[in-house]
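Make the full structure from the sequences, and use the hints.
Here the protein sequences come in this chain order: X and L.
Residue numbers for the first sequence follow our numbering, beginning at 1 and rising by one.
Residue numbers for the second sequence follow our numbering, beginning at 1001 and rising by one.
Hints are computed from structural coordinates only; laboratory data are not their basis.
Heads up, some of the hints might be wrong.
[Stated by the list, open to error] Covered stretches of chain L, as calculated for chain X (at least 3 residues, CB under 8 Å):
1) 1069 to 1078
2) 1129 to 1141
[Claimed, not checked] Just a sample of chain L residues kept apart from chain X, beta carbon distances all over 12 Å, derived:
3) Glu1006
4) Ile1014
5) Ala1022
6) Ala1043
7) Pro1044
8) Thr1045
9) Asp1058
10) Asp1086
11) Ala1091
12) Leu1115
13) His1118
14) Ala1119
15) Trp1178
[Claimed, not checked] Interface residues of chain X toward chain L, partial, derived using beta-carbon atoms under 10 Å:
16) Leu21
17) Glu22
18) Leu23
19) Leu24
20) Ala25
21) Leu27
22) Ala30
23) Gln34
24) Glu37
25) Arg45
26) Glu78
27) Leu79
28) Thr90
29) Arg98
30) Ser106
Glycine is no exception: its CB is placed at the ideal position from the N, C-alpha and C atoms.
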Amino acid sequence: MEIRKGQDPVSPPVLDEDQALELLAYLVTAARTQIDEAAEYGPLRLLTAARRLGAAIAPRASAATAEFVAGPLAAVPELAVPRDGREEYTAGLDELCRALAGHLTSHFAPDTP
Amino acid sequence: MTGTPEGKAVLDAIRSRRVVRAVTDEPVAREDLETVLDAGRWAPTAGNRHLQRFVATDDPTTLRVLRMVSPGMLQHPTAAITICTDRPRAAAFGFPPDATGLHVDVGTAAATLLLAAHAIGLGAGPVTSFSRAAVGVVLRLPAGWVPEMIVCLGHPAPVTPAPMRARPRLTWRDLTTWVP
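Laid out in structure tokens, this is it:
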């Protein structure tokens, strides 16, 4: 499995099979455990997956992607759940989504005015 | 406060133990792992039945795969003890398949393992968010052994993730109701 950087078909892969399998296993087993777990763990598990994916691809990703991983993504507290301060938690995730969207736009459509 | 110095040491250990979610790469000595396991043997069990079994590993590959199928395992432990319930053995005592009382003994075993690890300077953290089915395969568990909790072990790292939430520290009074 090769997930390549950007749209350049000859760019080096940013994720190898072992890393991809690790994430795949996490996602599949998290789907199962979430059935029995508190619903508040849902976003936590997804964000953990995003962190792990980010950590895996950052060393071989573009500088901008690595910055997103090390910046907005890493800024989300690892163990945060929406239990206390739901509004603040939601606002933080919205901010992360905005930062992600900004990075996606510049990554995939750098010429967009 | 009444009690012996040894008793005070026990209370100090109870109060100072924390869940450790970040550990170093330093392996856990087999002797230390055995010390923790020996403590687990002394955990109280209902009816002195000992229906729990401990599956220990310090193999890096097994630990890596175990972590892959355990979404709640944020740490990278260098050893792990999985507390299993021997369901066929429980059934032999007359427990139905859905008996919840068996979980109590998992809890007492876990508390004992966590304290024992703390007593010898290891960091320990419990994990219950894992695929029972997958862990059974990874650990090659005998039929009928149900993995209930993984106690992750390692040498505490200097930096640890922030707690799940900041909250005022509870006292025993917050948790206790007196009745006449």
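Here's how the hints hold up against the structure:
1. 1069 to 1078: Result for this restraint: holds, n = 5.
2. 1129 to 1141: holds (count 5)
3. Glu1006: The claim holds: glutamate 1006 (chain L) sits with its nearest Cβ about 35 Å from chain X, beyond 12 Å.
4. Ile1014: holds, 23 Å
5. Ala1022: Contrary to the label, alanine 1022 (chain L) does not stay out of reach of chain X, its closest Cβ about 10 Å off (not over 12 Å).
6. Ala1043: Check passes; 24 Å lies beyond 12 Å.
7. Pro1044: The claim holds: proline 1044 (chain L) sits with its nearest Cβ about 26 Å from chain X, beyond 12 Å.
8. Thr1045: holds, 24 Å
9. Asp1058: Fine: 20 Å to the nearest Cβ keeps aspartate 1058 (chain L) off the interface.
10. Asp1086: holds, 21 Å
11. Ala1091: Holds: least Cβ distance 22 Å, greater than 12 Å.
12. Leu1115: holds, 23 Å
13. His1118: Histidine 1118 (chain L) is indeed farther than 12 Å from all Cβ atoms of chain X, at 20 Å.
14. Ala1119: holds, 26 Å
15. Trp1178: holds, 28 Å
16. Leu21: holds, 7 Å
17. Glu22: holds, 5 Å
18. Leu23: holds, 9 Å
19. Leu24: Where the cut-off is 10 Å and the nearest Cβ of chain L is about 9 Å from leucine 24 (chain X), the hint holds.
20. Ala25: For alanine 25 (chain X), the interface hint holds, since the closest Cβ of chain L sits about 4 Å away, which is under 10 Å.
21. Leu27: The hint holds - leucine 27 (chain X) has a Cβ within 10 Å of chain L, the shortest such distance being about 9 Å.
22. Ala30: holds, 4 Å
23. Gln34: holds, 8 Å
24. Glu37: This interface hint holds because 6 Å falls under the 10 Å limit.
25. Arg45: holds, 5 Å
26. Glu78: holds, 5 Å
27. Leu79: With a closest approach of 4 Å, the leucine 79 (chain X) hint holds.
28. Thr90: violated, 15 Å
29. Arg98: At about 23 Å, which exceeds the 10 Å cut-off, the nearest Cβ of chain L leaves the hint on arginine 98 (chain X) violated.
30. Ser106: violated, 30 Å
Going through the hint list in order, the structure does not satisfy hints 5, 28, 29 and 30.
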